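Participant: Going by our numbering, the sequence shown opens with residue 1280, and the numbers climb by one from there.
Hints listed in this document are in silico derivations from the structure and should not be mistaken for laboratory results.
Keep in mind the model is a prediction, meaning the values are calculated, not measured.
A virtual CB, placed ideally from N, CA and C, is assigned to each residue, including glycine.
Be aware that a few hints might be false.
[Claimed, not checked] Beta-carbon label-pair distances, calculated as ranges:
(1) L1457 x G1571: 31 to 41 angstroms
(2) D1366 x S1621: 35 to 45 angstroms
(3) K1430 x Q1631: 16 to 26 angstroms
(4) D1424 x E1613: 32 to 42 angstroms
(5) T1585 x T1505: 19 to 29 angstroms
(6) E1613 x S1536: 28 to 38 angstroms
(7) G1491 x S1625: 44 to 54 angstroms
(8) G1487 x A1517: 19 to 29 angstroms
(9) K1353 x G1423: 28 to 38 angstroms
(10) L1575 x A1517: 46 to 56 angstroms
[Said to hold, decoys possible] Below, in silico cross-link-like pairs of lysine-lysine (BS3-like), each with a Cα-Cα straight-line distance of 25 angstroms or less:
(11) K1359 x K1563
(12) K1563 x K1550
(13) K1353 x K1368
(14) K1368 x K1579
(15) K1563 x K1430
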Amino acid sequence: MTTINTAQYTNAYLLLGNTAASIAKATAAASSSNTGSSSQDAATNITLSSTAQSALATKDLATVVAETRAALTKLLTDAKLTSPLKDGKLALDLSSLDRRALYAVAANTENKFTDDERSAAALELTSRLDAALAGPAAIGRVTGDYTSLYKAAVEFLDGASAEEKATDTWARQKAALLEAQKQLTADPTTLPVVDNDPVADYLKRAAGGQTGPSRDFGDIAKDARTALDKQYEDAKAAGKELVFSKFRTKGQQADFSQFDSRSLSAIALNKDEKFSDQEVSAAKAEMRTRSGQALLASFKSASSSTDPTAFATNIIGAYASLSSEEREAAGWSESFYAAAVSNYESSLKLAQMFAQSSGSSSNSSGLGGLAGLLGG
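Modelling step: build the complete structure from the supplied sequences, incorporating the hints.
Facilitator: In structure tokens:
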């Protein structure tokens, strides 16, 4: 068994549902719930259809546990692992498990999971929380306004399953976040002081360098290599060649749609020299495409806002949400981040100057006036 240093991650997930009363209460809540659940990893996006979400919500807890046990066993077998942990970090990709399944593992409902599996599920859940807070936290550090950070935390907490929401831990954290939001209403520039605040825990861990991706980059590269090899095998079985150029009309095109940005980065950077030149080139091209799409989305979002700093804050948040490897592969350097911060400061200063020169006594009306002149 691998021993986990609890200082490395929030261990609240290991405390969920440990009593018979909690499990009974959770099961009752689940049976009366019609709400679906979804979750997002710093580096993986999983989208379920409305039909799938409805089916997921109506499953009883015993079914979820059984299916999760089978899925986890298959993941371990396919990866040729006996434990999902290695040196206190995730050795297994758990992105295919939704939040309700991860909760069932972490809480060890029905005693179907090992201690290592519980710890791994807790690490994955905490990693997803960290990913949800990374961007808003970066924006808060630059702007001095932490409202959006706590809004993101509430949204993440509300995405929990009925079983998780029925626990005392969830209730305490939700109450803490609501109290924190009240304090921010009075002063959005001062971090709240509230017991059981998951945001405060995140910021403390972030300051100690204990947040971020929970898997080693080398393991990500191994998974990417395996996934590409499977595409080669499938192409060969179909009597075709796997090709990496859109200009190749013959052959089977390599499909990067199921690769998250961290997996693509592992191919593009090729730190362990596991990939061919054409694989690296194709991954770099895909990263450039996704980077451009992210910038365009940030611009479009900002263009519909009356806040002249919106584009800069969007970029700051996006930058912070990426791992260092993803930034390197996308070409998002520290100077790029510095430029976004500088843009924010300049835009804010111009807005303030405009408000003063127009004789406005309200900062918000000044921002609106400036946005109007700029066509916002």
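Participant: Is the Cα-Cα distance between K1368 and K1579 25 angstroms or less?
Facilitator: Outside the cut-off at roughly 38 angstroms; violated.
Participant: The hint says 32 to 42 angstroms between D1424 and E1613; measuring C-beta to C-beta, is that right?
Facilitator: violated, 23 angstroms
Participant: 19 to 29 angstroms was suggested as the range; check whether the CB atoms of G1487 and A1517 agree with it.
Facilitator: violated, 50 angstroms
Participant: For the range 28 to 38 angstroms, tell me whether the beta carbons of K1353 and G1423 fit it or not.
Facilitator: violated, 48 angstroms
Participant: Given the range 28 to 38 angstroms, decide if the beta-carbon distance of E1613 to S1536 lies inside it.
Facilitator: Cβ of E1613 to Cβ of S1536: about 30 angstroms, so the range 28 to 38 angstroms holds.
Participant: Against the range 19 to 29 angstroms, how does the distance between the Cβ atoms of T1585 and T1505 compare: consistent or not?
Facilitator: violated, 48 angstroms
Participant: Between the alpha carbons of K1353 and K1368, is the straight-line distance 25 angstroms or under?
Facilitator: Roughly 20 angstroms between the alpha carbons, so the hint for K1353 and K1368 holds.
Participant: Does the hinted range 31 to 41 angstroms hold for L1457 and G1571 at CB?
Facilitator: For L1457 and G1571 the Cβ distance comes to about 39 angstroms; the hint holds.
Participant: Holds or violated: K1563 with K1550, Cα cutoff 25 angstroms?
Facilitator: Holds, at roughly 13 angstroms.
Participant: Holds or violated: K1359 and K1563, Cα atoms, limit 25 angstroms.
Facilitator: violated, 29 angstroms
Participant: Check the following: the C-beta atoms of G1491 and S1625 are separated by a distance inside 44 to 54 angstroms.
Facilitator: 30 angstroms Cβ-Cβ, so the 44 to 54 angstroms window is violated.
Participant: With 16 to 26 angstroms as the target window, see if K1430 and Q1631 comply at their CB atoms.
Facilitator: holds, 24 angstroms
Taken one by one, the earlier hints fail for this structure at numbers 4, 5, 7, 8, 9, 10, 11, 14 and 15, listed in ascending order.
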